[in-house]
Amino acid sequence: MIYKETGQFKSTYESDHSIFPLIQDKIAFNILMLVAFLVVPFFIDSYWEKAILIPFLIYSMAAIGLNILTGYCGQVSLGTGGFMAVGAFATYKIMTFFPDLNIMIIVLLSGVITAFVGILFGLPSLRIKGFYLAVATLASQFFIIWLFNKVPWFYNYSDTGQITVSERTMFGVAVTGANAPPYATYLFCLILVVVLGFAAKNMIRSKIGRSWMAIRDMDIAAEIIGVPPLKTKLSAFAISSFYIGIAGSLYFAVYLGALEVTESFDIMAISFPVLFMIIIGGLGSMLGSFLGAAFIVLLPIFLKNVMVDLIGLSAVTAKHFEITIWGLLMVVFLILEPHGLARLWSIAKEKLRKWPFPY
Amino acid sequence: MSLDKIQSIPYGKEIIKIKNISLAFGGVKALTNVSFEVKKGEVFAIIGPNGAGKSSMLNVINGFYKPTSGQINFAGEDRKEMIPEFAAKSGIARTFQNIALFKGMSTLDNLMTGRLLKQKQNFLMQALYFGPVQKEEAYHRDKVERVIDFLDLQAIRRTPVGSLPYGLQKRVELGRALAMEPEILLLDEPMAGMNVEEKQDMSRFVLTANDEFKTTIVLIEHDMSVVMDISDRIVVLDYGKKIGEGKPSEILKNKAVIDAYLGVAD
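Going line by line, the protein sequences match chains W and H. Sequence positions in the first sequence follow this note's numbering and run 1 to 359. Sequence positions in the second sequence follow this note's numbering and run 1 to 266.
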């Protein structure tokens with residue numbers, strides 16, 4: 001009943017190709033957008049900003065990026081942390097060199113720089129596949145982190161090795177730095193995620209996305225129908241890195257403000273969690289990127305609330321439990337629902353079509 | 001070589017000339033001095049016992065294997081080797097003996113991949129997805145819908161091909177090749193593992209494609225009744241050597257071919 005498709009006819013191919021072919025989805029999405037843009041900014045406080053919404057948006061961006069590479073193009077990558085670090089340091093260096101540049105342009109430029117680095121580390125993907133490629137990208141992760149630690153030029157020769165963001169404004173309101181109001185940082189991230197999310201979805205449903213999926217599903221057949229493997233894989237690496245670089249840039253400039261590379265972009269801090277996000281959310285699904293990010297961001301908060309505030313465990317014990325439960329959930333997901341939350345959602349939709357009168 | 005050049009060849013003239021092709025993997029000789037010609041617009045069959053080198057021959061034609069010696073003359077131009085992408089651009093499409101579909105994608109998306117080479121918009125335009133891109137998508141969707149109609153695939157348009165039965169998967173694979181609007185269609189055992197009805201359907205599709213779209217068809221098939229019925233000319237390979245070539249009626253009487261299939265009586 002709720003998801004009734006009956007009576008919704010398409011008379012053009014354009015409307016059949018639309019992102020939300022069902023009117024219910026379209027309405028739900030529009031309501032969500034209205035709430036996100038017009039309601040949330042008025043009620044957001046710094047707890048919601050720093051603990052939930054900003055991390056969710058940034059991780060969503062990183063998850064979209066990794067999903068393009070791993071979910072759609074089938075190239076497993078463990079280098080997410082490294083690429084995010086590239087985005088962060090690119091932002092830092094651009095800020096130092098061009099103090100007057102608009103922050104939006106800085107963030108986008110950082111994405112472009114990361115895209116080029118992504119192409120460089122994507123080159124081995126023509127020769128190696130699967131686990132071996134994962135190990136190669138792992139090497140890129142360690143190399144990039146090492147490089148940013150080793151070469152003082154990247155952190156402007158500061159004594160601590162930390163990089164710190166300076167204040168940048170948009171339309172007269174600070175979006176980076178300590179004085180940025182929660183609604184400004186939130187809206188800044190939200191706009192980037194929505195616009196680039198649509199761009200990703202558009203690429204996925206047109207030529208380039210089909211080339212990626214062709215390479216993922218059977219590279220030999222893809223070659224036969226004229227998909228050049230190297231070019232397609234590198235385009236996936238570039239575009240994926242662009243998104244991840246922007247996520248890294250936001251992570252540094254908007255979220256943390258100051259960071260130290262080893263600690264913030266460690267493989268356990270970024271690469272694995274983002275990979276878990278797309279696995280739990282759903283490989284090869286845009287919705288999955290968001291669901292996975294929400295899950296990974298909210299789960300620790302939920303567990304902490306339950307275990308520390310409700311049951312009264314000490315914070316350290318709760319942290320240990322959290323890691324255990326996390327690992328357990330990973331295994332459960334891989335066994336029970338390898339296609340992730342996005343698949344659960346589509347099953348639910350299928351049920352809702354007939355509810356409450358299944359035949 | 002451009003597609004125009006291939007299209008300008010008149011029907012009935014040679015489009016592919018295979019000249020003394022040999023192919024060896026180390027000490028194994030898959031093909032030895034094979035020569036034949038395929039004429040534009042005909043249904044050309046390659047037959048032979050198992051391991052005769054038929055699939056290797058197709059792989060040489062569309063650039064998967066590089067021949068050890070010999071040349072392929074393709075639309076009047078000599079070349080020793082091809083790369084698959086180039087073959088696709090010159091209008092050669094093929095299907096595989098073991099189905100090579102994109103299993104995670106729907107039937108519609110699989111057929112749309114056949115149009116990839118014809119889509120010209122760059123990725124930035126695709127990311128924005130307005131006017132020209134939308135028009136291009138709709139145009140190619142229309143072409144693909146024609147193939148869907150032709151092959152009766154309407155009911156499974158949105159089904160992931162991984163979950164389709166074997167016979168339908170074979171048909172979707174033919175559909176993907178046809179969506180490329182190829183000049184030459186290489187079919188590697190299109191009817192393997194099918195029952196009689198499915199074979200009849202497939203033969204009908206192959207013949208109609210040949211008849212209506214004037215596609216040149218090169219096929220490998222083991223079912224002799226099908227081969228004798230639908231092909232215009234046949235070449236027979238055995239142990240990598242050509243042992244016969246001609247019309248079906250001539251092949252049926254060819255002593256060497258009968259010996260290869262049934263063994264030689266002492």
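Keep in mind that the hints were calculated from the coordinates and are not lab data. Just so we're clear, the structure is a prediction, and the values are computed from it rather than from any experiment. Some hints could be false.
Some residues of chain W that are not near chain H, with every Cβ distance over 10 Å (derived) [claimed, not checked]:
no., residue
1, Y3
2, Y13
3, F37
4, K93
5, M213
6, L256
7, A269
8, P338
EDC-like mimics (lysine to aspartate or glutamate), calculated; alpha carbons at most 16 Å apart, straight line [unchecked claim]:
no., chain 1, residue 1, chain 2, residue 2
9, H, K143, W, D16
10, W, K231, H, E85
11, H, K135, W, D219
12, H, K40, H, E181
13, W, K10, H, E189
14, H, K5, H, D78
15, H, K143, H, E212
16, W, K349, W, E5
17, H, K89, H, E181
18, H, K29, H, D238
19, H, K199, H, D238
20, H, K19, H, E42
21, H, K118, H, E136
22, H, K89, H, D142
23, H, K39, H, D223
24, H, K120, H, E136
25, W, K93, W, E260
26, H, K29, H, D4
27, H, K143, W, E260
28, H, K103, W, D219
29, H, K19, H, E77
30, H, K241, H, D211
31, H, K135, W, D16
32, W, K10, H, E245
Yeah, the Cβ is synthetic: ideal placement off N, Cα and C, and Gly gets one too.
Structure-based check of each hint:
With a least CB separation of 15 Å from chain H, W:Y3 remains clear of the 10 Å interface cut-off, as annotated. Distance to chain H contradicts W:Y13 as a non-interface residue, since its nearest Cβ pair spans about 4 Å, not more than 10 Å. Remark: the non-interface label on W:F37 is consistent with the geometry, its nearest Cβ contact in chain H lying 21 Å away (cut-off 10 Å). The beta carbon of W:K93 sits about 25 Å from the closest Cβ of chain H, which is more than 10 Å, so the claim that it is off the interface holds.
Not every beta carbon of chain H lies more than 10 Å from that of W:M213, the smallest distance being close to 5 Å; the non-interface claim is violated. The non-interface label for W:L256 is consistent with chain H: the shortest C-beta to C-beta separation is roughly 28 Å, beyond 10 Å. With a closest Cβ-Cβ approach of about 30 Å to chain H, W:A269 is found to remain outside the 10 Å limit, as its non-interface label requires. The beta carbon of W:P338 sits about 12 Å from the closest Cβ of chain H, which is more than 10 Å, so the claim that it is off the interface holds.
As the CA atoms of H:K143 and W:D16 are separated by approximately 15 Å, the hinted pair is consistent with the 16 Å bound. With a CA separation close to 12 Å, the supplied pair W:K231 and H:E85 stays within the 16 Å bound. Only pairs whose Cα atoms come within 16 Å are accepted, and H:K135 paired with W:D219 is rejected, the gap being roughly 28 Å. For the suggested pair H:K40 and H:E181, the alpha carbons sit about 15 Å apart, so the restraint of at most 16 Å is met.
Pair hint W:K10 plus H:E189 does not hold up; C-alpha atoms about 38 Å apart against a cutoff of 16 Å. With a CA separation close to 14 Å, the supplied pair H:K5 and H:D78 stays within the 16 Å bound. Distance check on the hinted pair: H:K143 and H:E212 sit about 15 Å apart at the alpha-carbon level, within 16 Å; holds. Pair hint W:K349 plus W:E5 holds up; C-alpha atoms about 11 Å apart against a cutoff of 16 Å.
With a C-alpha separation of about 11 Å, the suggested pair H:K89 and H:E181 falls inside the 16 Å cut-off, and the hint holds. Restraint check for H:K29 and H:D238: the C-alpha separation of about 12 Å stays at or below 16 Å, so the hint holds. Among the hinted pairs, H:K199 with H:D238 is inconsistent with the structure: their alpha-carbon atoms are about 25 Å apart, more than 16 Å. Taken as a hint, the H:K19 and H:E42 pair is broken in the structure, with Cα atoms around 19 Å apart against an allowance of 16 Å.
With a C-alpha separation of about 10 Å, the suggested pairing of H:K118 with H:E136 holds against the 16 Å cut-off. With a C-alpha separation of about 21 Å, the suggested pairing of H:K89 with H:D142 is violated against the 16 Å cut-off. Straight-line distance between C-alpha atoms of H:K39 and H:D223 comes to about 23 Å, which puts the hinted pair past the 16 Å bound. Only pairs whose Cα atoms come within 16 Å are accepted, and H:K120 paired with H:E136 is accepted, the gap being roughly 8 Å.
With a C-alpha separation of about 15 Å, the suggested pair W:K93 and W:E260 falls inside the 16 Å cut-off, and the hint holds. About 36 Å separates the Cα atoms of H:K29 and H:D4, which puts this hinted pair outside 16 Å; it is violated. Note on H:K143 and W:E260: the hinted pairing is violated, with a Cα-Cα distance of about 55 Å set against a maximum of 16 Å. Between the alpha carbons of H:K103 and W:D219 the distance comes to roughly 12 Å, so the proposed pair stays at or under 16 Å and holds.
Straight-line distance between C-alpha atoms of H:K19 and H:E77 comes to about 12 Å, which keeps the hinted pair within the 16 Å bound. Distance hint between H:K241 and H:D211 is unfulfilled; the C-alpha atoms sit about 31 Å from each other, more than 16 Å. A distance of roughly 13 Å separates the Cα atoms of H:K135 and W:D16; the hinted pair therefore holds under the 16 Å criterion. With a C-alpha separation of about 52 Å, the suggested pairing of W:K10 with H:E245 is violated against the 16 Å cut-off.
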